[in-house]
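So the sequence lines, in the order shown, correspond to chains W and Y.
Counting in the working numbering, the first sequence runs without a single skipped number right up to 403 at its last residue.
Counting in the working numbering, the second sequence runs without a single skipped number right up to 1188 at its last residue.
It should be emphasised that the hints constitute simulated quantities derived from the structure, not laboratory data.
Take these hints with a grain of salt, some might be off.
Looking from chain Y toward chain W, a few residues come up when the C-beta cut is under 10 Å (computed) [said to hold, decoys possible]:
#, residue
1, G1016
2, F1026
3, S1037
4, T1039
5, E1054
6, G1060
7, E1061
8, I1065
9, L1111
All C-beta atoms in this analysis are idealised placements derived from N, C-alpha and C, irrespective of residue type, glycine included.
The primary structure of each chain is shown beneath.
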Amino acid sequence: MFLSFITDLFQQEFMLRALIAGVMLGVLAPLLGSFVVVRRLSFIADTLGHFSLVGISVSLFLSSLGITMFFDKPLYLGIMFSIVGGLLIELFRRSYTNFQEISMVIVISLGAALSAIFFSLSKKTGSLYNYLFGSILTVTDYYIYIILITALIVALLFIFFGKQILAVSFDESSAKFLGINVNLFQIVFIVMLSIVVSVLLESAGVLLISSMMVIPVAAGMKLGWSYKSTLIISIIFSECSVFFGLWLAYTLNIPSGAAIVSINIIILLVVAIIQRIILKKRIAKMDKIQ
Amino acid sequence: MQININNLSFAYGTKTIITNLSLSLNSGDYLVVRGKNGSGKSTFIKCLLGFNQVKSGMIFFDKVDITEFKSWTKFGYVSQNFDDFNYEFPLTVGELLQISSLKKTDESTRLKLLEKMGIFDIINQNINSLSGGQLQRVFIVRAMLNNPEVLILDEPTASIDKQNKEFFYDTVEELHQLGITIVLITHTDDIERLNYTHLLSMYGDLTTTFEERGVEISGGVL
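One chain only, chain W, in its complex shape:
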């Protein structure tokens, strides 16, 4: 069964596309996820995903009215709305400095409400399932190019501003003493995150984006001893979950996003159990010495 999966992976075009998309997203999701976790903003991806969904539903609504232009590719409006959502979070975050999670609740509620309205107006509620749970097995060549461009933008931003983004993420208040324009980097980060979330939405679905970004990092944190090692371990876990998730989806004929996230959870559980066993053994050893 596994062999036929491997054969199909390289012979069936849709499988190969899914693999390429998955491998690239497998790097992007935990990379951005690590910053999100450092900043204690694990729910931000879900929030942006809901706003991205507004863009998609508006796009579907406009095309149902016969207005196509570039609205025939819902992803474009999805990205734009996600950026608007990100900027709204930043705006509300500043007015509720001690209750920053409130900003996300406001934006996620607005996103969910507007999406429901426009999906219903577009009369395409049937496509909602795909956007909620994603489907990496149906991605097109065009989508692969979009991921590639996104990955290039993210890579360039990290090459030139990685240090600054990390410094702001770990310690926002001290960043200004390093000559960093904190507001500018907050906005650069939120725009970058909004784009990645919108791109992830198509394959992971709005309900599973956060899981792809945060769970590999949560597992990586248990084993990592530095930022770099944690990130590398998270990416390895993420890639494993993409590969085995695709296999599971292919074999059991279940939604790919759900399969990938399930593997992510299994990895996290295994890591947590192993860590516990090692810790217990260490404590027992220390007790013996004493």
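Using the hints provided, position chain Y relative to the given structure of chain W.
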């Protein structure tokens, strides 16, 4: 750097914390800000560092109004219990210092600082595994990396043992001797061993006194 504070007042909503506080410091001065918990020391520091927005005309750095001031790299800051820092995510001491030295910090300066502060051997350790004393040394090195003119230390000895406390005070003294302006905030009265040049006492009832070592300059407000 010359620091001038003219009738600084600050309130959180309707709760006034500081009123009509004035003081002046010259380059190389060593100010101790003393007061009990809740007396407004941290609020004062937040005003000085621009975290709390104050009205124009209240604080000047080298005659530049704080509302116009941009050269924040001239400041080094070690916060109380380093509580502004996002802990728990794995990060080594080396990584922390790397992301904190954005200007082209001379490598030998960095190594000398590490050696001097006794943290050279823990450079590859995760900061979450460090003791309070080690962590404090790391954060002082971080604040010193970009050669600040002013070093601000908020309640730095609150969570460290006696030995580390002595080491810390000696280090501050050495930095002061190098000509760095020091602003040290403390809630203890045990300040006689410190070689400060100026003392700001905050009494918690909006009254303050500011004195050059031994000579009262202003105070008794309200």
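Here is how each hint holds up against the structure:
Below 10 Å, beta-carbon pairs count as interface contacts, and G1016(Y) has one with chain W at about 8 Å; its hint therefore holds. Proximity of F1026(Y) to chain W is violated relative to the hint, the smallest CB-CB distance being about 18 Å (cut-off 10 Å). Interface hint at S1037(Y): satisfied, since its Cβ lies 9 Å from the closest Cβ of chain W, which is below the 10 Å cut-off. Interface restraint check for T1039(Y): the shortest CB-CB distance to chain W comes to about 5 Å, inside 10 Å, so the restraint holds.
Hint status for E1054(Y) relative to chain W: holds, with the closest Cβ pair at about 8 Å, below 10 Å. Given the 10 Å rule on beta carbons, the hint for G1060(Y) holds: about 8 Å separates it from the nearest Cβ of chain W. Taken as an interface hint, E1061(Y) checks out: its beta carbon lies about 5 Å from the nearest beta carbon of chain W, inside 10 Å. Taking 10 Å as the C-beta contact cut-off toward chain W, the hint placing I1065(Y) at the interface holds, the least distance being around 5 Å.
Among the interface hints, the one on L1111(Y) holds; its C-beta lies about 9 Å from the nearest C-beta in chain W, closer than the 10 Å criterion.
When the structure is compared with the earlier hints, a violation turns up for hint 2 alone.
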